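Colleague: Going down the list, the protein sequences come from chains A and B.
According to full-length UniProt numbering, the first sequence is numbered sequentially starting from 1.
According to full-length UniProt numbering, the second sequence is numbered sequentially starting from 1.
Since the hints were made in silico from the structure, they are not lab data.
Because the structure is a prediction, the values reported are computed rather than measured.
You may find that some hints are simply not true.
[Said to hold, decoys possible] Below 20 Å or equal to it, Euclidean Cα-Cα: the simulated PhoX-like pairs (lysine-lysine) are:
| id | chain 1 | residue 1 | chain 2 | residue 2 |
| --- | --- | --- | --- | --- |
| 1 | B | Lys-423 | A | Lys-246 |
| 2 | A | Lys-187 | B | Lys-187 |
| 3 | A | Lys-285 | A | Lys-338 |
| 4 | A | Lys-296 | A | Lys-351 |
| 5 | B | Lys-246 | A | Lys-187 |
Protein chains: 2
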Amino acid sequence: MRAVPGVSPARRQEDAMAELIEFQVPNPAIIGRRAAIIADLADLLPAECLVTEPRELAPFETDAFVSYRRLPLAVALPETTAQVSALLRYCSREGIPVVPRGAGTSLSGGAIPQEDAVVIGVSKLSRILEVDYPNRAAVVQAGVTNINISQAVDADGFFYAPDPSSQLACTIGGNIGMNSGGAHCLKYGVTTNNLLGVRMVMFDGSIVDIGGKALDAEGYDLLGLICGSEGQLGIVTEATVRLLAKPEGARPVLFGFDSSEAAGACVTDVIGAGIIPVAIEFMDKPAIDICEAFAKAGYPMDVEALLIVEVEGSEAEMDAMLARIIEIARRHGVKTVKESQSALEAAAIWKGRKSAFGATGRISDYICMDGTVPLGQLSYVLRKTGEIIARYGLRVANVFHAGDGNMHPLILFDANNEDERMKAEMAGNDILRLCVDAGGCLTGEHGVGIEKRDLMRHQYAEADLNQQMRARSAFDPNWILNPSKVFPLDGRPDSLETRPAA
Amino acid sequence: MRAVPGVSPARRQEDAMAELIEFQVPNPAIIGRRAAIIADLADLLPAECLVTEPRELAPFETDAFVSYRRLPLAVALPETTAQVSALLRYCSREGIPVVPRGAGTSLSGGAIPQEDAVVIGVSKLSRILEVDYPNRAAVVQAGVTNINISQAVDADGFFYAPDPSSQLACTIGGNIGMNSGGAHCLKYGVTTNNLLGVRMVMFDGSIVDIGGKALDAEGYDLLGLICGSEGQLGIVTEATVRLLAKPEGARPVLFGFDSSEAAGACVTDVIGAGIIPVAIEFMDKPAIDICEAFAKAGYPMDVEALLIVEVEGSEAEMDAMLARIIEIARRHGVKTVKESQSALEAAAIWKGRKSAFGATGRISDYICMDGTVPLGQLSYVLRKTGEIIARYGLRVANVFHAGDGNMHPLILFDANNEDERMKAEMAGNDILRLCVDAGGCLTGEHGVGIEKRDLMRHQYAEADLNQQMRARSAFDPNWILNPSKVFPLDGRPDSLETRPAA
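Just chain A, same shape as in the assembly:
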């Protein structure tokens, strides 16, 4: 627990939580030059692409992490890659930090600005440039929303696979920054498995094309490195993504159990048998209550844990896979098996699951963790999570991508109770440490952002972190891109030793 050196000009109630997170001290020399910088930016962009008035800056002062707010120096909303290039060339030359932004749906504070930074948002880069079925690819600008890609190819029988719950709003640029996942990534993989290429602007304004429509590429896999780099290696302005053919049919099935541990063990055994459905989502009793009240999805109310298993393909294929899953579930004492009987029922089941975070927000304040564990540890980690929460006297709702081992405990607390808020934050940290100690990691799909920056030391040895930071410096030598995210604030590149020990 450390002090907050920077003080927000517009401190709010939500900022209290931010006191747990030390923030980068803004550079007064840059803030002092604000008027001149804004004048320079106005030369680089049409007037409607530059936001500088405090009232208009407000929507950009945080993201979906919301526990921290800062007004940025200015917000640029470029309409072309050339404008992004001009902005980065200018900011590099002047040493002005840049915070890239998609739709601001980050759950880890990845898009939270700082007072001495220019936010570069990609929302106006919102065109689908090309749909190319023979190569099963689409080329889209970075500000296109996730759902828009699937909508554009739906009538032709195709879709774009990664499906974050925020898919109505989140952009493909943000998805690439965070390597976003979603419920259906169990079968189809996360963003990195569905990304073929990017056009990216480097820190100094140079424009590079990486990857493309062909398999693999020579040289190092820079595309993979960029995916999930949280906007620190460059600003992606265009993406080439993989299109997939829609399955013949899909059917979500509800499996109710008497305990979370039984449901977790069932998931482990399904995957361990080599069966990969499209999705296996988990809800415990509190999550079932919350989601059912909100979505009227028809979830069974007499069980302690629920799995939503989606199978797809022809009727025969779905029946065959379901029979194998039901057999395994019986061995774990499954109490209820309920197949959706119509497209409407199926939609309600998914609506309930996808609105879990929003529905929880209606009844309580919460923070959402994103720890991921090897599947064999699922039951153990669920039990230990319950023990941690009980120790702090809090409540938790577990609703997560069980097939991937990607846990999302929602820790409920009262934001007006400072003591509870602190306990929730501490319980969250304990849970993430538990995931790491069980052989897992801090984040499956939400990214590190500001939220988990300091926990990186629990996951990585100093040599590992230094290597990550050296890789970053190879792209952004002066650390102007999203500088206060991902890595702990102390131990930054000045201390990096790249020479071999003599």
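With chain A fixed as given, assemble chain B onto it according to the hints.
Modeller: Then chain B, alone, in the frame of chain A:
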């Protein structure tokens, strides 16, 4: 075409081709210290792990690229990660180049040594450390052969997906270095899609663990960067790989066409319709003749081009997918459709395909290209390849992973005819340039190695290459690991500018 500054002490006939490739000039200061270096290495390794006699070094003087040979300074065959660490710490301190080596099956010269280098081979790191079905993972040492992983889990109904034709010999360490593919990677992806984690020794001997059994990871995707980095970022000593459940059944089906272009167009339309079989392999008439003579696979002899399409799943699933593929093939005038009637027939079909390179070697000298193109360009590139070959008065056999767009023209020539040899090399370069110009890339699965080093300038602008080299320097600042591979020899890191232009 440039001169060869280094002269091999054991110049052979095969070296003539190497004159097309400039090689790194060996450092006489290191060669002069050979006896002292060998004495130092002997302190770091048991006697049976160090090879220094010229006769015993001979098997390490080239790899499957064979057109270039050099005796290395010494060969170390460590038995533990700690020994690899000690070797790299020593070589870093002394500034001795290191060439990592798997089984030496590289087709691009990735494992070819140099006279001032110590080869570190992983062949003695050959144990399977753990098989973990609940997490669908296996942990293996880097010298385990590709086929051994699948053999170890076969009885339990699992397999490891990437299947290079050299899978009986090649190691998982080499597969990671080259991001190797194989016929069945159309459905299952290449090495990078099936790799979960590595233990790696860095240039200075430090040991890092990257990735693991959990989904994704926080921070940058260093695992993806390392996969395909051709041994230049570190030496992998252990790998955690994904296991998959074996399908219920699999069936290769032969589709014969009257022209290569019709077969290519059929592949484009199958993939464009969103149908992803396990494999779609292509053979033109010369390849059919060569493989049938060798393997008696029952290939149709009255067609100009052949597709081997493998479908898998239940009988009903296979029938359903095949029906859709046959419908598309009919639109392209398919002449023959022949399903394998038994496991024996299926094995013969694959034996013919997988021995294509060996069978070709029995009738002619050849070089094999590895260019990869977007699928929509398949017919165009096949036609243009034919034109290039005709212009040089040579012959070509095309046998390749068509579903991935990963072409393997085998350019036939007489190695005793210096003029033909030169023409073959030039035709190969023209074909790779054609692939790049068609929106593709130089290599799908064989890597850059020495072979395609100079062609990297055709694929990449200077800024792109510099960025790749900066990424490399972030791992190996003094470029001691496999130094003469992947990048053109001129324009190396001394000229890299990492500061922003003022």
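Colleague: Against the structure shown, which of the earlier numbered hints fail to hold, in ascending order?
Modeller: Number 1 only.
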